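Novice: With these hints in hand, go ahead and build the complete structure from the sequences.
Sequences listed follow chains U and Y, in order. Position in the first sequence counted from 1, then plus 18, gives you the working numbering. Position in the second sequence counted from 1, then plus 1, gives you the working numbering.
Worth double-checking, as some hints may not be accurate.
Facing chain U, from chain Y, some residues (calculated, C-beta under 8 Å) [to be verified]:
no.	residue
1	T71
2	P90
3	R228
4	E254
5	S257
6	F262
7	R272
Please keep in mind that the hints were generated in silico from the structure rather than gathered at the bench. Since the structure is predicted, the reported quantities are computational estimates derived from the model, not experimental observations. Even glycine gets a Cβ: it sits at the ideal position worked out from N, Cα and C.
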Amino acid sequence: MPPPPERNRMPEQDPTVRRRNFTEVALGYTEELARAEAARCLACKKPQCVEGCPVEVDIPGFINRVKEGDYAGAIALLKDKNNLPAICGRVCPQETQCENKCVLGRRFEPVAVGRLERFCADWEREQGIQAPALPPRRAQRVAVVGSGPAGLTCAGDLAKMGYPVTIFEAFHETGGVLRYGIPEFRLPKAVLETEVQYVRSLGVEIRVNAVIGRLYTVEQLLKTGYQAVFIGSGAGAPSFMDIPGENLNGVYSANEFLTRINLMKAYLFPEYDTPVTVGRRVAVVGGGNVAMDAARSALRLGAEQVYLVYRRSEQEMPARLEEVHHAQEEGVDFRLLVNPTRVLGDERGWVQGLECVRMELGEPDDSGRRRPLPMPGSEFTLELDTVVIAIGNRANPLVPSTTRGLDTNRYGNIVADLATGQTSLPGVFAGGDIVTGAATVIEAMGAGKRAARAIDTYLQQHAGCGA
Amino acid sequence: MAYQIVRAEWLGPKLKLLEVAAPEVAQAAAPGQFIMLRLHERGERIPLTIADFDPGRGTVTIIFLVVGKTTEELATLERGGAILDFVGPLGNHLELEAPGTVVVIGGGVGVPAVYPKAKALKAAGNYLISIIGARSEELLVLEEQMRAISDEFYVTTDDGSQGRRGFVSDELAELLASGRQIDQVIAVGPIPMMAAVAKVTAPAGVRTLVSLNPIMVDGTGMCGGCRVRVAGKNRYACVDGPIFDAHQVDFGELMSRQGRFVPQEQDSLDRHHACRLGGSANAAPA
Numbered sequence: 019m020p021p022p023p024e025r026n027r028m029p030e031q032d033p034t035v036r037r038r039n040f041t042e043v044a045l046g047y048t049e050e051l052a053r054a055e056a057a058r059c060l061a062c063k064k065p066q067c068v069e070g071c072p073v074e075v076d077i078p079g080f081i082n083r084v085k086e087g088d089y090a091g092a093i094a095l096l097k098d099k100n101n102l103p104a105i106c107g108r109v110c111p112q113e114t115q116c117e118n119k120c121v122l123g124r125r126f127e128p129v130a131v132g133r134l135e136r137f138c139a140d141w142e143r144e145q146g147i148q149a150p151a152l153p154p155r156r157a158q159r160v161a162v163v164g165s166g167p168a169g170l171t172c173a174g175d176l177a178k179m180g181y182p183v184t185i186f187e188a189f190h191e192t193g194g195v196l197r198y199g200i201p202e203f204r205l206p207k208a209v210l211e212t213e214v215q216y217v218r219s220l221g222v223e224i225r226v227n228a229v230i231g232r233l234y235t236v237e238q239l240l241k242t243g244y245q246a247v248f249i250g251s252g253a254g255a256p257s258f259m260d261i262p263g264e265n266l267n268g269v270y271s272a273n274e275f276l277t278r279i280n281l282m283k284a285y286l287f288p289e290y291d292t293p294v295t296v297g298r299r300v301a302v303v304g305g306g307n308v309a310m311d312a313a314r315s316a317l318r319l320g321a322e323q324v325y326l327v328y329r330r331s332e333q334e335m336p337a338r339l340e341e342v343h344h345a346q347e348e349g350v351d352f353r354l355l356v357n358p359t360r361v362l363g364d365e366r367g368w369v370q371g372l373e374c375v376r377m378e379l380g381e382p383d384d385s386g387r388r389r390p391l392p393m394p395g396s397e398f399t400l401e402l403d404t405v406v407i408a409i410g411n412r413a414n415p416l417v418p419s420t421t422r423g424l425d426t427n428r429y430g431n432i433v434a435d436l437a438t439g440q441t442s443l444p445g446v447f448a449g450g451d452i453v454t455g456a457a458t459v460i461e462a463m464g465a466g467k468r469a470a471r472a473i474d475t476y477l478q479q480h481a482g483c484g485a
Numbered sequence: 002m003a004y005q006i007v008r009a010e011w012l013g014p015k016l017k018l019l020e021v022a023a024p025e026v027a028q029a030a031a032p033g034q035f036i037m038l039r040l041h042e043r044g045e046r047i048p049l050t051i052a053d054f055d056p057g058r059g060t061v062t063i064i065f066l067v068v069g070k071t072t073e074e075l076a077t078l079e080r081g082g083a084i085l086d087f088v089g090p091l092g093n094h095l096e097l098e099a100p101g102t103v104v105v106i107g108g109g110v111g112v113p114a115v116y117p118k119a120k121a122l123k124a125a126g127n128y129l130i131s132i133i134g135a136r137s138e139e140l141l142v143l144e145e146q147m148r149a150i151s152d153e154f155y156v157t158t159d160d161g162s163q164g165r166r167g168f169v170s171d172e173l174a175e176l177l178a179s180g181r182q183i184d185q186v187i188a189v190g191p192i193p194m195m196a197a198v199a200k201v202t203a204p205a206g207v208r209t210l211v212s213l214n215p216i217m218v219d220g221t222g223m224c225g226g227c228r229v230r231v232a233g234k235n236r237y238a239c240v241d242g243p244i245f246d247a248h249q250v251d252f253g254e255l256m257s258r259q260g261r262f263v264p265q266e267q268d269s270l271d272r273h274h275a276c277r278l279g280g281s282a283n284a285a286p287a
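Specialist: This is the structure we're talking about:
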């Protein structure tokens, strides 16, 4: 009997309710739904899905165990390759990775791999996570810069090989972009906390409030007991549009807006001390996941009207389809083919509006997407209290600018071999957004995993350098 | 791990000094840098200039004016108390040029911020002229410390209760008018004071540096909240600064941006006071 053509829907909070709260939107599969979805898997002899997974999870293997009701077996198989399954199950763009390759997906909807991964991880969290058995400790130590997805993955994998690893995190909390960037309603902090705790249980030491490049340089780490360093410091520097009025009060970078909300819990002001303001009307500029997160957060902070201003059409939006859909359901007002030209302010320096121009699509540009061109005479104004600029991030300059001999490209990204993470300095590896520019959580994790392997090879070649 | 207070001292009516045990930060610190701190789980992150650091004792000293809820709470800490998060050193340190004659200017709470820079400049062989000022005598701080390291020393107060009556920029203008050879001016203090200093030195073409302390969230180049227009371009005070060429800084915009959260800051402070009053009402009478 052929499998049902449609995947099992995942229960969600009603859009009219969730648009005003910060609790998780997607509620996860029940056991019944999970087993029904797992039963749709064709268990291909040559599984294409695995090729679409940057961290090489045995997808048919874990799905088969779900089908049989062996959830402990399923999560064990997942964690063999992926240290952060509850996170990946929530924020991975599966539709462009494993699910995109699913054979079933050629004729029907692909198997909902991400939802099944999430189910397994959530099941395990409810049971209470057991610390795994660890191999004997090795002598050579590794320092990891940044506790985001790349750093956590690299550190976890190295710890599983027996290396003592210390992660240096600049913030007072772990997780990097998983903490400051992704909102509670998409990735609850309790879920993040559990996965970070798992990485700790592998023997990884995490030091917060430690800014590498300032407190210690990479060179100092290599001189003070670490035989290798992995840099996963992320794409932390926000880009602005360079239009007039961008420094008016009420204009935020998405990083600032989301960091205030997510890391500093400004949505709980005044119980928490960090404020954030939205006013009545907000425009978020950009079309990626970060823009969706900012727009949906603005709604939840009580804004009456939230516009999403994007210069291309919905088809070119880099955001996940699911995020776009969720934002629309919640009432974000999409103003597509519109580009801001100036932020308008009052005499006291506060935002009053956004002057925009309508765009049309011309010939494809370097990115392969049709280039948006302004339509003369189509200028109009949106009345606003707040503008959030979510047009991307550049590399954080702190580590590159303080590490002699570390090659960077013209965008400030660290130059590293994509297969190994090897940089221009011996013993120094890098991966994630600091190398590629802003990309996805799972791509950063893939880079962390490949670097862990390369660091192992490097350290074996340099055995005897240890303590 | 929290950071212990090893010394706490009131320097003026609203000005407090805390010496904090932070051995690694003290080891790495250099004049001109700052730290960010968070008092407790619900606290905000605020930047404060490093007023002094002692790698031997493993301590970093901060001096701050009580202006809002966080600084009010911070000021309640005494020896033995602790700060939850203390991150640094952040920002670029002061680059030392070939020695010459340097005027160091501190206004109000800017005096502690300029003190480590003055010490470093003196140690590097500069002829050090210091001008410190405040609204009135009781708000003057680190007078003896500054006097001790200076070759020439001037004090101004707005009300004339000590030293010259007027502003630090008046004293500077007089020095410049007297024809003295001045190679560099470094000024730290309230934004209007720094703007006034820049205005005085611009016609004479004297290289002038200021250290800025705008609103920040992370202090590591990530939020862009501390952006300041310098020579027409946005720079981030946390990673590109905090020290900038005073003649290039858009002080007007900086001043306006400091008001971004005034209603929220006031609300936070009012609630804090209401809460404290409630607390004392329940306490046993002294």
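Novice: Each hint needs a verdict: does it hold in this structure or not?
Specialist: Outcome of the hint check:
1. T71: Holds, because the Cβ-Cβ distance from T71/Y to chain U comes to roughly 6 Å (cut-off 8 Å).
2. P90: 6 Å, holds
3. R228: 6 Å, holds
4. E254: Nearest chain U Cβ about 6 Å off; hint holds.
5. S257: This hint holds: S257/Y lies near chain U, its Cβ roughly 4 Å from the closest one there, short of 8 Å.
6. F262: 5 Å, holds
7. R272: Holds: closest Cβ of chain U sits about 6 Å from R272/Y, inside 8 Å.
Consistency with the previously given hints is maintained throughout, with no hint failing.
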